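Asker: Please construct the entire structure, taking both the sequences and the accompanying hints into account.
Protein chains in written order, with the numbering used here: chain A, 1 to 387; chain B, 1 to 387.
Honestly, the hints are just simulated from the structure, not real lab data.
Note that the coordinates shown come from a computational prediction; the quantities given were computed from them, not determined experimentally.
Using N, Cα and C, we set each Cβ at its ideal position, and we do this for glycine too.
Don't take every hint at face value.
[Said to hold, decoys possible] Not close to chain B: a few residues of chain A, all C-beta gaps over 10 Å, as computed:
no.	residue
1	20
2	43
3	200
[Stated by the list, open to error] Partial chain B-side listing against chain A, Cβ under 7 Å, derived:
no.	residue
4	81
5	83
6	244
7	271
8	375
2 protein chains.
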Amino acid sequence: MREVAIIGIGGTRFGKYLDRSLTDIAQEACIKAIRDAGIRPRDIELAYAGNLAQWEWGQGLLIGQLVLRELGITRIPVTRVENGCATASCAFREAWFRVAAGECEVALAFGVEQMNVAGSDKMLGIFTGPQYPERAGDMGFTAPGIFALMARRHMEEFGTTREQLAMVAVKNRRFGSMNPEAQLTRAVTLEEVLNDRMIVDPLTLPQCCPRGDGAAAVILASKAAAARFTTQPVWVAASIHVSGLYPNDASYTYFDTDVRGARKAYEMAGLGPEDLDLAEVHDCFSTAEIIHYEDLGFCAKGEGGRFVEEGRSDLGGQVPVNTSGGLLSKGHVIGATGISQIIELVRQLRGQAGPRQVEGARVGLQHNGGGFIHTDTACCIINILKR
Amino acid sequence: MREVAIIGIGGTRFGKYLDRSLTDIAQEACIKAIRDAGIRPRDIELAYAGNLAQWEWGQGLLIGQLVLRELGITRIPVTRVENGCATASCAFREAWFRVAAGECEVALAFGVEQMNVAGSDKMLGIFTGPQYPERAGDMGFTAPGIFALMARRHMEEFGTTREQLAMVAVKNRRFGSMNPEAQLTRAVTLEEVLNDRMIVDPLTLPQCCPRGDGAAAVILASKAAAARFTTQPVWVAASIHVSGLYPNDASYTYFDTDVRGARKAYEMAGLGPEDLDLAEVHDCFSTAEIIHYEDLGFCAKGEGGRFVEEGRSDLGGQVPVNTSGGLLSKGHVIGATGISQIIELVRQLRGQAGPRQVEGARVGLQHNGGGFIHTDTACCIINILKR
Chain A
1 MREVAIIGIG GTRFGKYLDR SLTDIAQEAC IKAIRDAGIR PRDIELAYAG
51 NLAQWEWGQG LLIGQLVLRE LGITRIPVTR VENGCATASC AFREAWFRVA
101 AGECEVALAF GVEQMNVAGS DKMLGIFTGP QYPERAGDMG FTAPGIFALM
151 ARRHMEEFGT TREQLAMVAV KNRRFGSMNP EAQLTRAVTL EEVLNDRMIV
201 DPLTLPQCCP RGDGAAAVIL ASKAAAARFT TQPVWVAASI HVSGLYPNDA
251 SYTYFDTDVR GARKAYEMAG LGPEDLDLAE VHDCFSTAEI IHYEDLGFCA
301 KGEGGRFVEE GRSDLGGQVP VNTSGGLLSK GHVIGATGIS QIIELVRQLR
351 GQAGPRQVEG ARVGLQHNGG GFIHTDTACC IINILKR
Chain B
1 MREVAIIGIG GTRFGKYLDR SLTDIAQEAC IKAIRDAGIR PRDIELAYAG
51 NLAQWEWGQG LLIGQLVLRE LGITRIPVTR VENGCATASC AFREAWFRVA
101 AGECEVALAF GVEQMNVAGS DKMLGIFTGP QYPERAGDMG FTAPGIFALM
151 ARRHMEEFGT TREQLAMVAV KNRRFGSMNP EAQLTRAVTL EEVLNDRMIV
201 DPLTLPQCCP RGDGAAAVIL ASKAAAARFT TQPVWVAASI HVSGLYPNDA
251 SYTYFDTDVR GARKAYEMAG LGPEDLDLAE VHDCFSTAEI IHYEDLGFCA
301 KGEGGRFVEE GRSDLGGQVP VNTSGGLLSK GHVIGATGIS QIIELVRQLR
351 GQAGPRQVEG ARVGLQHNGG GFIHTDTACC IINILKR
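Answerer: Written out as C-alpha cells, the structure is:
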C-alpha cells in the first residue's frame with residue numbers, strides 16, 4: 001500500500017440551513033477543499049460521498065454525482081457509502097484505500113447531512129427503532145437512554161461522578177467557543193451543565209449532542225501528487241474499520257469495536273496512545289468520551305472520569321481531546337461528522353487551529369463510531385494522522 | 001491487481017414478500033451463496049451491501065452488519081453502498097477491488113431491496129423528482145417518459161419499429177419463462193405486447209419492468225482461495241465504473257456512460273464484443289436493451305431494432321442477451337439487480353442454466369446502469385466474466 005496524504009480540507013459551519021439544498025451544502029465543503037488543496041476540479045479522479053438518510057427528500061441518491069456535476073466533474077467513478085454514524089469516515093477510508101492501492105493519484109471524499117428539514121422527524125424515528133419497538137420505543141433503548149445506562153454503570157462500577165461526566169461538556173463547549181465552525185459557540189460552566197434540563201439521568205442537555213446540517217470534505221493524494229500541490233501534507237498513518245455488536249455484554253462499560261479498532265490502528269501506524277498529541281473522538285454523549293479515553297488506551301479502564309477531571313484531555317494535558325468542540329459543540333451532522341473530525345486534526349497538525357492550537361502537534365487520532373442499538377449493529381473507524 | 005474469481009452465488013426469487021423483513025430476504029441470498037461456495041461464514045473477511053432506499057422503514061441502515069450478524073459474522077469491515085439503479089453492481093465492484101488489491105482473500109457482496117412495503121409509494125416518488133418538479137412531475141420526465149422519448153427518437157432517426165421494440169419483451173419474457181427465479185414467468189406473444197396497456201407511447205406494459213422484492217449475493221475470492229473452494233471459478237476479466245450525465249445531448253439515442261464504460265471494459269479484459277458468448281444488460285424498458293446493443297458494440301448505431309428482429313440476441317444468435325429474462329421478467333429490484341445479472345452469467349459460464357443454457361459459453365458481459373433523470377446524474381458499471 002502506498003503512502004497517502006490529506007492535501008485539502010473544507011467544511012461548512014454546522015448549523016441550521018433551512019433555505020439551502022443538500023447539494024449546495026456539500027458543494028460549499030467540496031469547493032473549499034479543492035481551493036485549500038490548490039488543485040483543479042479535473043485533478044480529481046475518483047470520489048466517495050457519505051450520506052446517511054437523505055433519500056426521503058429525494059436528494060440523497062447519487063448525491064456524489066449530483067454534487068460533482070455542479071463542479072464540472074462528470075465522468076469519474078463516484079460512490080455513496082453509508083455506515084451509520086461513521087458514514088463520513090467510511091467515505092474517507094474508501095477514498096484512502098483507492099489512492100493507497102494505486103488506483104488513482106487524487107481523490108475526493110465528502111460527507112453531508114441535512115437534518116433540519118421537513119420530514120426530519122422520520123430520521124430521528126430510525127433511532128428509536130421501528131423494527132424493534134419492544135426494545136427501542138417501548139423500553140427506552142434510544143441513544144440517550146443507552147448512553148445514560150452506560151453512564152450509570154460506569155458510576156456504579158468505577159466511582160465516576162456526575163461532575164466528571166459534566167466536565168466533558170464544559171471542556172468541549174469551551175473548545176467550541178474557539179471554533180467558528182461549531183454550532184454551539186457559547187461556553188458553559190459546570191453548574192450550568194449540572195443544572196440544565198435532565199434528558200436521561202444522569203445526562204443533562206449539554207451532555208447530549210445536537211443534530212444539524214452541514215458538510216465536510218477532504219482531498220487525498222498519493223505521495224507524488226501531494227508533493228506537487230502542498231508543502232504541508234498530513235499523512236494517513238493508519239486507517240482501520242471494524243464492525244461489531246452494540247455494547248450488549250454484561251458490563252456495558254466499553255465498546256468492543258473501539259478496543260479492537262484501536263489495537264489494529266496503533267499496530268498499523270507503529271505508534272501507541274503515548275505518541276498521540278491530540279484526538280477527536282465520538283462524543284455523542286459525555287459518557288461516550290469518558291469511555292473512549294479508556295477504550296483507546298489513553299488511560300486504564302475505569303479512570304476516564306478522573307482523566308477529564310485532572311485536565312489530561314484538555315489543552316496542555318496528556319492528550320487534548322475534541323479541540324474542535326466535538327459533537328457536543330458542533331452537533332452530530334451524521335453524514336459529515338467523521339470528516340469534520342479529520343479536518344480538525346489536519347488544522348492542528350498544520351498549526352492552523354488558532355486559540356485552540358495544540359503546540360507542536362505531530363500525531364492525532366480520529367475515532368468515529370456508528371451503530372444502532374435496536375439492531376445490535378455497530379461499526380468503528382479509526383484513523384491516525386501525522387505530519 | 002490480483003485475479004479474482006466468483007466462487008459462490010445465491011439469490012432469492014424476485015417477487016412480493018410482504019411478510020418478510022429486508023434482513024431475512026438478504027440472508028436467504030447470502031446463505032445460498034455461502035453454501036454454493038462451500039465456505040464457512042467465518043471465511044468471509046470483508047463485505048459490501050447494496051441497498052438503495054430502505055431507511056424509510058428503519059431497516060436499511062447498517063444493513064450489511066445486520067444481515068451478517070444473523071450469520072454469525074460480527075467483526076469484519078462492512079459497508080453499505082448506493083449508486084442508483086447500479087447499486088448492487090457497485091457493491092460487487094467494491095468487494096472485487098478489495099480482493100484484487102490484496103486486502104483480503106474472500107469477500108461477500110450482496111444487494112437487497114424490498115419495494116412492496118408500506119411507504120413504497122415514497123420510493124417511487126423519488127423517481128418523479130421531488131427536487132425538480134418542473135422537469136419530472138410536471139413535464140413527464142419520469143423513467144417511462146424518457147425511455148419512450150428515446151424510443152420515438154430512435155424510430156424517427158433509424159426506422160426502428162414498434163414491433164422491434166416489442167420483440168425485446170417477447171424474447172425476455174420467453175427467457176423468463178425458463179427461469180424459476182423470475183417474477184413474471186409467463187411468456188407473451190408479439191400481439192399481446194403490442195396490444196397491452198399503453199404506458200407511454202410507444203411503450204406498452206410488458207416493455208416496462210416491474211418492481212419487486214429480493215436479494216442477490218456472490219462470494220469473491222483470490223486465485224489461491226478459489227482453488228481451495230471450487231473447481232468452477234468464474235473470473236472477473238474486467239470491472240469498470242463510470243459516471244456521467246443522463247442522456248441529455250441532442251440525439252437522445254445513446255448513453256454516454258455505456259459507450260465509455262464498454263470501451264474501458266473491453267480494454268481491461270483484452271477482449272471485444274465479438275468475444276462475448278452472452279450478456280445481461282439493463283433492460284428496464286425495451287428501448288434500453290436496443291440502445292445497449294449499439295452502445296456496447298454488439299451492432300452498429302441504429303441497428304438495434306434489426307438486431308433483435310433477426311434473432312441475433314436470442315439463443316443461437318450472435319450474443320444471447322438477458323437469458324435470465326432480464327429486468328422485464330425478473331423485475332428491477334433496485335438494490336439487487338446488478339448482482340442478479342452476475343448470477344445469471346455465472347450460471348451460464350458454469351453450464352448450469354438449464355433450458356436457457358448458451359452452449360459452450362465462455363465469456364459474458366454484465367451491464368447495469370443507474371441515474372436519475374430529474375437530477376441529470378448517471379453511472380454505469382460493466383463487468384466482463386469468463387471461465
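Asker: It remains to establish, for every hint, whether it holds in the given structure.
Answerer: So, going through the hints one by one against the coordinates:
Against chain B, the non-interface label of residue 20 of chain A holds: every CB pair exceeds 10 Å, the least being about 13 Å. Residue-level check passed: residue 43 of chain A sits 16 Å from the nearest beta carbon of chain B, beyond 10 Å. Distance check on residue 200 of chain A: its Cβ is at least 21 Å (rounded) from any Cβ of chain B, clearing the 10 Å threshold; non-interface status holds. With a cut of 7 Å, the hint placing residue 81 of chain B at the interface with chain A holds, because the nearest CB-to-CB distance is about 5 Å.
Given the 7 Å rule on beta carbons, the hint for residue 83 of chain B holds: about 6 Å separates it from the nearest Cβ of chain A. Given the 7 Å rule on beta carbons, the hint for residue 244 of chain B holds: about 6 Å separates it from the nearest Cβ of chain A. Given hint, residue 271 of chain B at the interface with chain A, is violated; its Cβ is 21 Å from that chain's nearest Cβ, farther than 7 Å. At a threshold of 7 Å, the smallest CB-CB gap from residue 375 of chain B to chain A is about 5 Å, leaving the interface hint in force.
Hint check: a violation occurs at hint 7 only; the rest are consistent with the structure.
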